[in-house]
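Enquirer: Assemble chain B onto chain A, guided by the hints.
Sequence order for the protein chains is A and B.
Our numbering puts the first sequence at residues 114 to 243.
Our numbering puts the second sequence at residues 5 to 141.
If you're looking for bench data, these hints aren't it; they were derived computationally from the structure.
One or more hints might be untrue.
To be verified - Stretch by stretch, here's where chain A covers chain B in the computed footprint (C-beta under 8 Å, at least three residues):
{"#": "1", "segment": "73-83"}
{"#": "2", "segment": "105-112"}
Said to hold, decoys possible - Between beta-carbon pairs, the in silico distance windows are:
{"#": "3", "chain 1": "A", "residue 1": "Leu-179", "chain 2": "B", "residue 2": "Tyr-101", "range": "25 to 33 Å"}
{"#": "4", "chain 1": "B", "residue 1": "Ala-100", "chain 2": "A", "residue 2": "Leu-223", "range": "34 to 42 Å"}
{"#": "5", "chain 1": "A", "residue 1": "Met-234", "chain 2": "B", "residue 2": "Asn-64", "range": "21 to 29 Å"}
{"#": "6", "chain 1": "A", "residue 1": "Asn-218", "chain 2": "B", "residue 2": "Ala-104", "range": "34 to 42 Å"}
{"#": "7", "chain 1": "B", "residue 1": "Leu-139", "chain 2": "A", "residue 2": "Leu-223", "range": "43 to 51 Å"}
{"#": "8", "chain 1": "A", "residue 1": "Val-227", "chain 2": "B", "residue 2": "Ala-104", "range": "42 to 50 Å"}
Cβ coordinates follow ideal geometry from the N, Cα and C atoms, glycine included.
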Amino acid sequence: MTATELKPQVRRVPARRSFESLSWLFMRYSGILLIPLVYIHVIIQDVLVGVHKIDLDYVALRWATLGWRVYDILLLAFTFAHGVNGLRNVLLDYVSQPSKVRLVNWVLLLFWLVVTLIGAMAIVGGVTQP
Amino acid sequence: MKRFFDIVLPAALRYRGKGGQVSFLLHRISGLGVLVFLTIHILDTATVYFIPELYQEAINLYRNPFFQVGEIILVFMVFFHGVNGLRLIIFDLAPAYWEARYVPRSQFWVFVISLLLWLPAAFIMGRNLLVYTILGG
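Next up, chain A with everything else stripped away, as it sits in the complex:
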């Protein structure tokens, strides 16, 4: 095992600001934020309340509080962007041709934008009573 005991030499290299370096930073900072945001959401909705007590009235009641709407907007904005950018990172491990990299980036940007807009319209618009 001594062969694996490599001590890395730490040296600071200034990173050039690029889309990829900002995306790398975004994954770290949004990750820190998502731990409380997503854990609280999952513990309340999936574990404590549970799917058998969730219906249209429950959503209407929750969104009657402005704070929960803001909470859900933050969830939507950060989780989905983190997730789609994560998918982009995985895909770019298998795609290296510049033209295909551009295609992946644009398709994912469009996918992210459309789903985020649909979700945001619903949170802002609120529950429609049938």
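Expert: Using the frame of chain A, we list chain B on its own:
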């Protein structure tokens, strides 16, 4: 896709990377799995505004026992992805600690902490599953 199955899968199985490889794969699989659910979840929740009649149909699907087992697995994936992600962030912030004697230990604790967070959640969700299926609510 053909390339993925021909190259990545056999290589992943042959490469004996121990804990590191397991957490790398689990981080990706959990991330992609949660993203699939998240996309469906944003769209099903959006029906409350666009097509409210359809929302109850979506919820009824989630109340299916198969989906509920999936939900219990999903919660583990969320917990694991968060704890393991935090480990990666800490190492990225303090790369001096990113060395052979700390990494396997940190991976072990990620599994322990994720399981400790998940077990009570899985117990409550599993009990709900039994109450609403066998005992009929």
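Enquirer: Would you mind marking each hint as holding or not holding in the structure?
Expert: Here is what the structure says about each hint:
{"no.": "1", "hint": "73-83", "verdict": "holds (count 5)"}
{"no.": "2", "hint": "105-112", "verdict": "violated (count 1)"}
{"no.": "3", "hint": "Leu-179(A) x Tyr-101(B): 25 to 33 Å", "verdict": "violated, 42 Å"}
{"no.": "4", "hint": "Ala-100(B) x Leu-223(A): 34 to 42 Å", "verdict": "holds, 41 Å"}
{"no.": "5", "hint": "Met-234(A) x Asn-64(B): 21 to 29 Å", "verdict": "holds, 24 Å"}
{"no.": "6", "hint": "Asn-218(A) x Ala-104(B): 34 to 42 Å", "verdict": "holds, 35 Å"}
{"no.": "7", "hint": "Leu-139(B) x Leu-223(A): 43 to 51 Å", "verdict": "holds, 46 Å"}
{"no.": "8", "hint": "Val-227(A) x Ala-104(B): 42 to 50 Å", "verdict": "holds, 45 Å"}
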